[in-house]
Amino acid sequence: MLRIDFAKIFPYLLYIPLLILQLTVIPIIRIEGIIPDLGIIILVLFTLRLGRLWGLTAAAIFGFVFDMVSGSAVGATMLSQSIAIFFIGFFYKDQVSERYISSYYFVLIVILAATINSFLFSLIADFDASSNLFMTLFRQGILPAMYTGLVSGFVAVLYPKRSSL
Amino acid sequence: MFRFLQELWESFKEYIVLLTIILVSLGLLSQNDSSSIKHFRTFLFGTFAAVSSVTSSVVSPAGLRSEIEYLRTRNAELMLEVSKLRKFSLTHKDLESLEKFQDTSTYKLLPVRIMMKSMLNAESNFTLNKGTNDGIRVGLPLITDAGLVGVVSFATGGYAVVHTLKTSELKLIVQEERTRYQGIMRWNGTQLLVSNLPKTADIRVGDRFVTSVSSSIMNTPCPVGRVKKVLNPEEGNMYIVELEPTANLERVEYAFIFMNYSTVKPFEIH
Chain F
43 MLRIDFAKIF PYLLYIPLLI LQLTVIPIIR IEGIIPDLGI IILVLFTLRL GRLWGLTAAA
103 IFGFVFDMVS GSAVGATMLS QSIAIFFIGF FYKDQVSERY ISSYYFVLIV ILAATINSFL
163 FSLIADFDAS SNLFMTLFRQ GILPAMYTGL VSGFVAVLYP KRSSL
Chain A
230 MFRFLQELWE SFKEYIVLLT IILVSLGLLS QNDSSSIKHF RTFLFGTFAA VSSVTSSVVS
290 PAGLRSEIEY LRTRNAELML EVSKLRKFSL THKDLESLEK FQDTSTYKLL PVRIMMKSML
350 NAESNFTLNK GTNDGIRVGL PLITDAGLVG VVSFATGGYA VVHTLKTSEL KLIVQEERTR
410 YQGIMRWNGT QLLVSNLPKT ADIRVGDRFV TSVSSSIMNT PCPVGRVKKV LNPEEGNMYI
470 VELEPTANLE RVEYAFIFMN YSTVKPFEIH
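Heads up: the sequence lines are chains F and A, in that order.
Numbered per our numbering, the first sequence spans residues 43 to 207.
Numbered per our numbering, the second sequence spans residues 230 to 499.
One chain only, chain F, in its complex shape (with noise of 0.2 angstroms):
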């Protein structure tokens, strides 16, 4: 018999809300044009409960719903998000990682996916030869990346604590 694992499931039904805010009431917070990427928190939260395989596969469907109704090049946040979850998955383990997601480590581990997804992504869809990379690295990747990891701070703080690390 077919089993549905909830857990599994639920993140896909939060995505297209979390999607709705993203697009339309994320943008208001925006400092300087920068705003939370409110999609890789998610895929991280759940990584670290779910294992690598299965964020690889959301960051996947994520990343092609986003490049379909956000009018990005479709393909490339669907790219660029994989491979920060791929990497993302090296900090999970069974029953252990979990942890992490009510402790400070959860907010760098966000940072980094974040400073990956987006770095990645404007190398994908915004290659320019004559651009400065460290530039691009710094005002593509890290400032957004930090801002999403302020906002991850309040999934670290309101998720419910099991055991301190």
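Heads up, a few of these hints could be off.
The following label-pair restraints were derived from C-beta to C-beta distances [claimed, not checked]:
| id | chain 1 | residue 1 | chain 2 | residue 2 | range |
| --- | --- | --- | --- | --- | --- |
| 1 | F | Lys50 | A | Gln235 | 16 to 26 angstroms |
| 2 | F | Val138 | A | Glu464 | 52 to 62 angstroms |
| 3 | F | Leu95 | A | Phe272 | 53 to 63 angstroms |
Subject to a maximum C-alpha distance of 27 angstroms in a straight line, what follows is the list of computed DSSO-like cross-link-like pairs (lysine-lysine) [to be verified]:
| id | chain 1 | residue 1 | chain 2 | residue 2 |
| --- | --- | --- | --- | --- |
| 4 | A | Lys457 | A | Lys400 |
| 5 | A | Lys457 | A | Lys316 |
| 6 | A | Lys359 | F | Lys50 |
| 7 | A | Lys267 | A | Lys458 |
| 8 | A | Lys400 | A | Lys458 |
| 9 | F | Lys135 | A | Lys242 |
Covered stretches of chain F, going by a simulated chain A footprint (3 or more residues, C-beta under 8 angstroms) [as the list claims (entries may be wrong)]:
| id | stretch |
| --- | --- |
| 10 | 62 to 73 |
| 11 | 88 to 100 |
| 12 | 123 to 133 |
| 13 | 145 to 156 |
Since the hints were derived computationally from the structure, they do not count as laboratory data.
In this text the structure is predicted, and so the values were computed from the model without any measurement.
Positions of the beta carbon are idealized from the N, C-alpha and C atoms, including for glycine.
Position chain A against the provided structure of chain F, taking the given hints into account.
Just chain A, lined up with the frame of chain F:
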């Protein structure tokens, strides 16, 4: 054989999945302009836009919308008037007679509301609350009272997506208003640049660039940006300058489609 494949999958499944995703993504990137992708995108985007329009209308201030729309329309018309007058003031010596100048204040502007803004990932795309049912077509420019915002990249019956100036896919022929030199404007991920300007051009910080008469997007000069910095004053044969967009792309909520129908393709130099 089956067991071997099973062991291979068990040992390297994450790498196999990643490799598959990379290949699929690259395949999709190369097929962005294919009709099947466009059809699927139109369907998915139309459905999503219909759902999100509810949230969008709640977020936007409901009252005084019609009056705001009227005032913004008027502002945009005046901006176009001012641009045209500036151009004429610069070129009046070349004109045989100012009598030929016709007042074209009846620009056909379609007021639109920006429902969604995709500002992640170094690019900025907007979703509008009107689509092909209202006459919007691919290639039409989106403007505000301050200047050009972007160009419609695809549209469904009720909604449309605009590639803003901060999108690498939009390349535009622009003209420096004072010296009349033309260049190609593009977004490099971090800066709005104008290249192909000869070193003989006297480009100064603060100079204004408008859409060129050679541009297939707008047959009226529309402000695009002001010179923020000349990036290579000492190097190369051509200037590369950084522009500051005249329209505030981050704050814009209401804008107008300039309805001069053209048959341009969205991802070429306009």
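53 to 63 angstroms as the expected CB spacing between phenylalanine 272 of chain A and leucine 95 of chain F, which holds or is violated = Because 29 angstroms falls outside the window, the suggested range is violated.
Does the stretch 145 to 156 of chain F contain three or more residues whose Cβ lies closer than 8 angstroms to a Cβ of chain A?
-> It is violated, with 0 qualifying residues against the three required.
Is the gap between the beta carbons of valine 138 of chain F and glutamate 464 of chain A within 52 to 62 angstroms?
-> 54 angstroms, holds
Holds or violated: lysine 400 of chain A to lysine 458 of chain A, with C-alpha atoms at most 27 angstroms apart | 19 angstroms, holds
Given the hint that lysine 359 of chain A pairs with lysine 50 of chain F, does the C-alpha gap stay at or below 27 angstroms?
-> Cα-Cα ~37 angstroms, so violated.
Given the hinted pair lysine 135 of chain F and lysine 242 of chain A, is their alpha-carbon gap at most 27 angstroms?
-> 16 angstroms, holds
Taken at face value, is the distance from the CA of lysine 316 of chain A to the CA of lysine 457 of chain A at most 27 angstroms?
-> Holds - the C-alpha atoms of lysine 316 of chain A and lysine 457 of chain A are around 21 angstroms apart, at most 27 angstroms.
Apply the coverage criterion to the stretch 62 to 73 of chain F and chain A: a residue qualifies when its Cβ sits closer than 8 angstroms to a Cβ of the chain, and three qualifying residues are needed.
-> Our answer is that it holds, as 9 residues pass the Cβ test (under 8 angstroms) against chain A, meeting three.
Could you grab the alpha-carbon distance between lysine 457 of chain A and lysine 400 of chain A and see if it respects the 27 angstroms cut-off?
-> At roughly 19 angstroms apart (the allowed maximum being 27 angstroms), lysine 400 of chain A and lysine 457 of chain A satisfy the hint.
Please work out if lysine 267 of chain A and lysine 458 of chain A have their alpha carbons no farther apart than 27 angstroms.
-> Roughly 38 angstroms between the alpha carbons, so the hint for lysine 267 of chain A and lysine 458 of chain A is violated.
At the C-beta level, are lysine 50 of chain F and glutamine 235 of chain A separated by a distance inside 16 to 26 angstroms?
-> About 22 angstroms separates the Cβ atoms of lysine 50 of chain F and glutamine 235 of chain A, which means 16 to 26 angstroms holds.
Holds or violated: the stretch 88 to 100 of chain F covered by chain A, criterion of 3 or more residues with Cβ-Cβ distance under 8 angstroms?
-> The restraint on the stretch 88 to 100 of chain F holds, since 4 of its residues have a Cβ under 8 angstroms from chain A and three suffice.
Of the numbered hints listed earlier, those contradicted by the structure are 3, 6, 7, 13.
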